[in-house]
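Here the protein sequences come in this chain order: A and B.
Straight run, no breaks: the first sequence in this note's numbering ends on number 544.
Straight run, no breaks: the second sequence in this note's numbering ends on number 1265.
Hints are not guaranteed to be accurate.
As the list claims (entries may be wrong) - Here are the simulated lysine to aspartate or glutamate pairs, DMTMM-like style, with alpha carbons at most 25 Å apart: (1) B/Lys1122 with B/Asp1134; (2) A/Lys193 with B/Asp1025; (3) A/Lys375 with A/Glu324; (4) B/Lys1028 with A/Asp339; (5) B/Lys1062 with A/Asp113; (6) B/Lys1122 with B/Asp1074; (7) A/Lys34 with B/Asp1097; (8) A/Lys201 with B/Glu1091; (9) B/Lys1122 with B/Asp1097.
Unchecked claim - Label-pair distances were calculated between CB atoms; the ranges are: (10) B/Val1178 with A/Leu61: 38 to 46 Å; (11) A/Pro434 with B/Gly1065: 44 to 52 Å; (12) B/Gly1065 with A/Ile217: 43 to 51 Å; (13) A/His471 with B/Asn1176: 49 to 57 Å; (14) A/Pro434 with B/Gln1129: 57 to 65 Å; (15) A/Thr411 with B/Lys1077: 49 to 57 Å; (16) B/His1251 with A/His471: 52 to 60 Å; (17) B/Ser1144 with A/Thr508: 52 to 60 Å; (18) B/Phe1258 with A/Leu504: 56 to 64 Å; (19) A/Met37 with B/Phe1258: 41 to 49 Å.
As the list claims (entries may be wrong) - Computed footprint of chain A on chain B, listed as stretches where at least three residues anywhere in the stretch have a Cβ under 8 Å from a Cβ of chain A: (20) 1084-1097; (21) 1108-1120; (22) 1219-1232.
FYI, nobody ran anything at the bench for these hints, they're computed from the structure.
Think of the CB as a built atom: it goes at the ideal place given N, C-alpha and C, for glycine as much as any other residue.
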Amino acid sequence: MEKIRFLKLLDRLRWLFERLGVDYTMMRKILAVKLLMDTRRTPVLLNQRTRKKYKEGNLFLKSLWVYALTGLFIVPITFIGSHYLFKMSITFSIILFMVITAMIADFSSVLLDTRDQSILRTKPIDAKTLHAAKTVHVCIYLILLTGALALPSAIAGLLRSGPLFLLLFLLNLVLIDLISISCTTFIYLIVLKFFDGERLKDVINYVQIFLSFMVVIGYQLVIRAFDVTMTNITISFSWWQLFVPPLWFGAMFEWMLGGRHTATLSIFALLGLVTPIVLFFIYQKFSATFETAIAKLSAQEGASRHRLGRMNQLFGNLLCRSQEERVFFRFASLMMKQDRMFKLKVYPSLGMSFVFPFIFLLNNLNGSTWSQVSKGSGYYYVYFSLLLIPTALFMLKYSSAYKGAWIYGTTPIKNRTAIFSGALKACLTELFLPVFLILSVLFLFLFQWRILPDLIAVLLTAPIFCVVSYHFCMDDTLPFSEPFDSAPTTGNYMILFLFLIAGLFAATHALIHWLFPEYGLLIYIVGLLIANIIVWKTALRKEG
Amino acid sequence: MRTIDREHSVILSMEDLTMSYGGHDVLKGINLEVLRGQIIGYIGPNGAGKSTTVRIMLGLQKGYGGKVSLFGEDIRKSGVAYKGRIGYVPETAEVYDMLTAREYLVFSGGCYGIDEKRAERKGRLLMDQFGLADAFDVRLSSFSKGMRQKVLIISSLLHNPDLLFFDEPLSGLDANSVFVFKEILAQLAEQGKTIFYSSHIMDIVEKISHRIVLLYDGQIAADGSFEELKAQNKEGTLEEIFNQLTGFHQHAQIAEDFVSIVKEV
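Just chain B, with the same shape it has in the complex:
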């Protein structure tokens, strides 16, 4: 018999989270509680405050209002140790690209306290799974975007974290790799890992997420499973729901104008 103690299964919580840059409010009071083993599709238009919230949770952004707790501890007080349980794939896909994949993975693992041999072995095995065994000793600067993205994904998982922040992790990946990755996500969640998945590609978010959180203008505009959102909004796809909730209807008109301007020259 399994009793789920709610106190322990809340991995992440935000209370009245606010943030402003130079008089401009980016986050206007966000309240969110995320349970263990959930895949959260974290969506919203550009500038809605998605990356700001992720940056706050990773401790990169100071000066916010409200309270953020990860693994039950206020991150203002808990030091940096909690970051050891997080894996992160940044949207900017920054890496030290003068390093080879092996060097980068060993270093990255080392930062999480994994010893060199183990990080190397694990890194090699994971690279092999992604079909990159030959590129293990090649510098990242000569990797294609998709290959680099795979290395980033591996480096975010090397230390077997409990919470994952994926910001547009699929960019540049080919269709087969996307297929594999989606399956990986599902299995990771089954093992009790919590995944924060940010993306602009709505049909993937729609398919993989247990719960969708839509951020619009610094506030949560929608929160629920895809079925719940569909019932509330009477729209067929997440893309349409997204358009509706963010008040965007002019796509046909804009497209028409755009093409007519292109034709002009």
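Chain A on its own, in the form it takes in the complex:
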């Protein structure tokens, strides 16, 4: 069995844990149980109608190949020239990005598990040991994840640059894992110190969303640190780059393998070596504080501050034809607003849909002025706002309160279609519409009124795309009726496929605009309107 192998390996580090004051035997017991439970994260079938056979096994281990596949895509980077600083910084930013995202979205629950409070803390287990168990638990997964992700690059590097490369690479991977786990924990600790009750849960949620969003931006920073032209790559050092970890690791490579030993490079490389280790020691010091602080999470106080506004009511009346559908529209809106886990999984992509158009615009800006850009066709980037739809729909069937789904069964619902159409409409108005409207206003400033028809076309595309996505992302499972545990952790290729479809819509739009500059767009809009009516009338219908 897998877990036994992990634990056997771990036994060799026994002395280290004992040196740190951890009760090793106890930690091993906790770990064994936690790993055993992970292999059972399969849903107890709630939905008897879909008799799928769930195979037992660790869902995470099964998703590792997705990481390995992503790792393959990084390999070509190691072959770009001999500029180590550049190529390794990029490689490490991608790895760091993947690791932190996984850490926040998938493994935070291990660190913040409140069940451990009443089950484990009431037994004679000290906080340090419990925290060590959690840390090792997360580390096992992080190591596997980074391993899968970095393996292709490691092999490629070994073949191209020799064994020193491999050693350095492995060292850096360990450092990256240390940084990710200690940084996330620190941030949680700070939040746990300052907030209480429901407010605390909200803040943690926002921090998580913000973090996953920041890594995307950070990734852009790395690229921006370099001035890439066709012939050579240069870096202009400035102070803020000291805070961009991938550059540290890149610098280490440049120093060791590239043979450039400038003062700045040395500082960067040193930072990369020292910071993670220092962080980890501080992390270890605070472990007991952290465990005590988590107790706050299980305290239930304070009222929820999330309410649905007037707008939601207006849209509900406007978009929903039957009373039943309106009920489910409001229900879905509330669930999406209240469920922190749902927000954590979906909101980062909301932020990205919003930021991507601008990132691409900025990339286009290279060398040209804003006024030139405003005459161009950069407004097509508005189509990026569609990308949040598949992500949201994919998560729609999951909920932290999935057990409440019995209510679908016991209430006399006449029309099951209403459950789905209400939820889809809520998705569009609560998630897509705000992003789209803000983008539109900003783009109208940039590109002037001439793009208004284009924006309308995008707005009308969204509901159609929503229905298309619905067919690919959701099976017959009712919304909010399965636990998040059963959601695959990463890499849903269906979503990538839908991104392509969104691109297809954008291409059609552009093509029509180009072929028939006069009335083409108007006809397209009318066409979309009719398509909307047909699609929403027919495509969602459910029997029974």
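Since chain A is already given, all that's left is putting chain B on it; use the hints.
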């Protein structure tokens, strides 16, 4: 001849215990001393501070004022070892429900330092007594509420603790099991175990407790045997005493209003 040394028979004591969350005082100075072999019925309205005191005693809640001693030692200083002498059934009834009953009991016993074989044997025998022998290798997630509660009770007793905290331990249990459990409590107390029994079901508390402690608004509003409380308050049942002490008289009016609202639709 048996001499009871008071120093040794005080299992639990709280001195001026206070606690506040964000400016709101939850506990306003609680003084309580509990002797060995007592069953304490620990009652009070929702939000009176019952679970907070239990959480403090289990070391889950820090930042309290005053002093709490268990088995004669201040829990601020005594480390975690004292928890090995406590058994706990939480109200929330949380378990790792992906595990089977066997796995859960072996793990739980292991946390108290019982070796695997012994925990398994003991767990199986106790499950058998509760009529759950067939469910030993079934995952807890498919257990009914009552079955799960029985597993929690077994797991709290596996290591033969001296002090027990039971928070609403009977929820979901059928009448026969309740009958058995009440008898178990009485016998455990006879053997010198101290039991802290928290519940909202007053007639059970009334019957099983040697001593009743009523917490109201962060303070002890009443403390004594049922007979003593009855004499002081001139009321017939614990439920009525509870209503009187917590100043609740409007039940008839509220019920009437409630039903009339239901009828409206």
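Checked hints:
no., hint, result
1, B/Lys1122 with B/Asp1134, "15 Å, holds"
2, A/Lys193 with B/Asp1025, "19 Å, holds"
3, A/Lys375 with A/Glu324, "47 Å, violated"
4, B/Lys1028 with A/Asp339, "35 Å, violated"
5, B/Lys1062 with A/Asp113, "18 Å, holds"
6, B/Lys1122 with B/Asp1074, "32 Å, violated"
7, A/Lys34 with B/Asp1097, "11 Å, holds"
8, A/Lys201 with B/Glu1091, "22 Å, holds"
9, B/Lys1122 with B/Asp1097, "20 Å, holds"
10, B/Val1178 with A/Leu61: 38 to 46 Å, "44 Å, holds"
11, A/Pro434 with B/Gly1065: 44 to 52 Å, "47 Å, holds"
12, B/Gly1065 with A/Ile217: 43 to 51 Å, "45 Å, holds"
13, A/His471 with B/Asn1176: 49 to 57 Å, "53 Å, holds"
14, A/Pro434 with B/Gln1129: 57 to 65 Å, "59 Å, holds"
15, A/Thr411 with B/Lys1077: 49 to 57 Å, "56 Å, holds"
16, B/His1251 with A/His471: 52 to 60 Å, "55 Å, holds"
17, B/Ser1144 with A/Thr508: 52 to 60 Å, "56 Å, holds"
18, B/Phe1258 with A/Leu504: 56 to 64 Å, "58 Å, holds"
19, A/Met37 with B/Phe1258: 41 to 49 Å, "43 Å, holds"
20, 1084-1097, "holds (count 8)"
21, 1108-1120, "holds (count 5)"
22, 1219-1232, "violated (count 0)"
Checked against the numbered hints given earlier, the structure breaks hints 3, 4, 6 and 22 and satisfies all the rest.
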